[in-house]
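Fit chain B to the known structure of chain S by using the hints.
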Amino acid sequence: MRAEPKAQEASVGAPPDSIEGQIEAWRAYLSKGGAVSSPDAEELEDHLREQIERLRSKGLSPDEAFLVAVKRIGAIDAITREYAREHSERLWKQLVLSGNGSNRSGSSASEESRSTWVALTLAFAAAAAMKAPALFGIEFSMDEAFYPLNATFLVFPFVAAYFAWERGLPRLRSIELAGALVAAALLVNAFPFSDAPGAQTRFLTVIHLPIALWLFVGVAYVGGGWSSSGRRMDFIRFTGELFIYFVLIALGGGVLIALVIGLFQAIGVEAEPFVESWLAPCGAAGAAVIASWLVEAKQSVIENIAPVLARIFAPLFTLMLLAFIATMAWTGQGIDVGREILIAFDLLLVVVFGLLLYSVSARDPLASPGLLDWIHLTLVVSALLLDALALWAIGARISDFGFTANRVAALGLNLVLLVNLARSALVYVGFLRGTVAFSQLWEWQTSYLQVFVIWAAIVAFAFPVLFRFS
Amino acid sequence: MNINKDLVAASSTPLVLAILAEEDSYGYAILSRVRDLSGGELEWTDGMLYPILHRLERFGLITSRWERSESGRRRKYYRLTATGRGQLLDEQRQWLTVDQTLRRLWSTLSESTDGAGLSPLPDAS
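First to last, the protein sequences are chains S and B.
In this text, residue positions in the first sequence follow this note's numbering: the first is 1, and each later residue adds one.
In this text, residue positions in the second sequence follow this note's numbering: the first is 1001, and each later residue adds one.
Derived from the structure by calculation, the hints contain no laboratory data.
Just to be clear, a hint being listed does not mean it is correct.
As the list claims (entries may be wrong) - For lysine-lysine, the following BS3-like pairs were computed, each having C-alpha atoms within a straight-line distance of at most 30 Å:
#1 K1076/B - K58/S
#2 K1005/B - K71/S
#3 K1005/B - K32/S
#4 K1076/B - K32/S
#5 K1005/B - K1076/B
#6 K71/S - K58/S
#7 K1076/B - K71/S
#8 K32/S - K298/S
#9 K32/S - K71/S
Stated by the list, open to error - To give an idea of the interface, some chain S residues facing chain B are shown, with a C-beta separation under 7 Å as derived from the structure:
#10 D46
#11 H47
#12 I73
#13 I79
What the hints assert, rightly or not - If you anchor each label on the Cβ, the simulated ranges turn out as follows:
#14 T1097/B - S57/S: 38 to 48 Å
#15 V451/S - F1059/B: 53 to 63 Å
#16 E272/S - F1059/B: 47 to 57 Å
#17 R56/S - R1068/B: 19 to 29 Å
#18 A28/S - E1067/B: 18 to 28 Å
#19 A28/S - R1068/B: 22 to 32 Å
#20 R1068/B - G33/S: 23 to 33 Å
#21 Q1094/B - R56/S: 37 to 47 Å
#22 Q1094/B - G252/S: 45 to 55 Å
#23 R1068/B - S57/S: 15 to 25 Å
#24 A258/S - A1021/B: 49 to 59 Å
All values reported here derive from a predicted model rather than from experimental measurement.
We put the CB at the ideal spot given by N, CA and C, even for glycine.
One chain only, chain S, in its complex shape:
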């Protein structure tokens, strides 16, 4: 709990040190935790005002009356705890579908239900788009060339459209986004990818395309305000939450699919073809939109999960890395340079980067350095150390490897992450020594987003050309 609000924090309207201003601040503080709903606060305010009037009629000054009345009504922490006990459902916030009892500030019930309908419509549209290629004789299959390359183009536009609508994106900007998406789709489909065994560029494009195109969702999400680092940080938070919601929905979808197959089998009907070519792809497409909407709807209502996970796992990963380094030093065993070594270290850096990013995203930038910050720094530094050792080992044998598209992509990702983490470590050291503000780390991470997107775009669009589509 924070300290009692000062009168200066009162919202606009009344001069802060007047009685009105103090009552406003008191009420704002009361409503903060979410346990006291707005009608409840009104009821308590009525009580407070009547008490103040009584006390003033007995000759107290306004300030004295306010103080005594607030004292009589009780400590806000204790009151809100009592309210939370009585109204426990308010802390387990309802997820909007019913729309009742919601007291999110700033949006009315009708706005909320409209947003629900837009999201549902777009989810169905995404599901339909997923099957639209069937009109041209292309059946859904992740084994053929078409869907892995184009699934992104069939889903992302609807997620972007939802945010374009929600944020009121200017029409010109929407047209630009749509145009760029269409151009990208035409380009990758025009690429004459080689189907020879060992050809790598198609696969590289398939896995880098979603990262590059995520930028379009990002632009829609921030409502065109891409230059604001705060908005970009919001987008990072959104991405983490979206991932978690999508996984949760996918788990539910898995149960649904298992039941569908099992039940229809009981009456002798083979449901698998339907599940594979309809339920799974359409469900996934719809789920992407629904998950985006859920994140948007419950944002600021429940604590974000991604940072919580990051906080739980950052110390554990730090311990794991330290143990690994200690074992390496103890046994004197060098890193064994196998084929997959770069990929393994890329994954390590991605995980460390994710832990750092989501811990940073939820940290109060004004808080002074604490234990968790030291853990993060240790985590980053030990990951950097390991990666440097791995790169050293690989560099020594680079001539044996040769530069295939896969290796260049893996090496590039490694360098991109290495630069990010190295700079983060430097900023962190500065912060822990008290010479740099924590917000520098925010700035660095949010501006580095572009580097990821650019790198993904290079691999997705330029690599096929550079490596002659092999």
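Same frame as chain S, but now just chain B:
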């Protein structure tokens, strides 16, 4: 005199129900009434009354409605329901039983110890 917190909590339901049995009322008035009746001995933290009212409402013992007060502010009034009236009678029986039991004990105590430490009780009537 400081009345035990548990006792204050336990007596809150019959007190609120009984006050509302007289007439519909709102938070501040209920508290003033308790204060007057107890001669200021029964002190509640004002804010704690409202969660109690909300709980009683959830159990269907009272209902609430918003009205405009003479000062122009919106004010929430509470009214006793039929279930609440039944509950009040039940509470009344329980409290009377406790009261009678204790009175009997007090009186035997004051007879046997000849009032050592215990003041004579006012008449039960």
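Okay, the hints, checked on the actual structure:
{"no.": "1", "hint": "K1076/B - K58/S", "result": "holds (25 Å)"}
{"no.": "2", "hint": "K1005/B - K71/S", "result": "holds (18 Å)"}
{"no.": "3", "hint": "K1005/B - K32/S", "result": "holds (28 Å)"}
{"no.": "4", "hint": "K1076/B - K32/S", "result": "holds (22 Å)"}
{"no.": "5", "hint": "K1005/B - K1076/B", "result": "holds (27 Å)"}
{"no.": "6", "hint": "K71/S - K58/S", "result": "holds (17 Å)"}
{"no.": "7", "hint": "K1076/B - K71/S", "result": "holds (22 Å)"}
{"no.": "8", "hint": "K32/S - K298/S", "result": "holds (16 Å)"}
{"no.": "9", "hint": "K32/S - K71/S", "result": "holds (19 Å)"}
{"no.": "10", "hint": "D46", "result": "holds (5 Å)"}
{"no.": "11", "hint": "H47", "result": "holds (5 Å)"}
{"no.": "12", "hint": "I73", "result": "holds (4 Å)"}
{"no.": "13", "hint": "I79", "result": "holds (4 Å)"}
{"no.": "14", "hint": "T1097/B - S57/S: 38 to 48 Å", "result": "holds (42 Å)"}
{"no.": "15", "hint": "V451/S - F1059/B: 53 to 63 Å", "result": "holds (60 Å)"}
{"no.": "16", "hint": "E272/S - F1059/B: 47 to 57 Å", "result": "holds (52 Å)"}
{"no.": "17", "hint": "R56/S - R1068/B: 19 to 29 Å", "result": "holds (22 Å)"}
{"no.": "18", "hint": "A28/S - E1067/B: 18 to 28 Å", "result": "holds (25 Å)"}
{"no.": "19", "hint": "A28/S - R1068/B: 22 to 32 Å", "result": "holds (24 Å)"}
{"no.": "20", "hint": "R1068/B - G33/S: 23 to 33 Å", "result": "holds (29 Å)"}
{"no.": "21", "hint": "Q1094/B - R56/S: 37 to 47 Å", "result": "holds (41 Å)"}
{"no.": "22", "hint": "Q1094/B - G252/S: 45 to 55 Å", "result": "holds (49 Å)"}
{"no.": "23", "hint": "R1068/B - S57/S: 15 to 25 Å", "result": "holds (21 Å)"}
{"no.": "24", "hint": "A258/S - A1021/B: 49 to 59 Å", "result": "holds (58 Å)"}
When each numbered hint is compared with the structure, no violation occurs for any of them.
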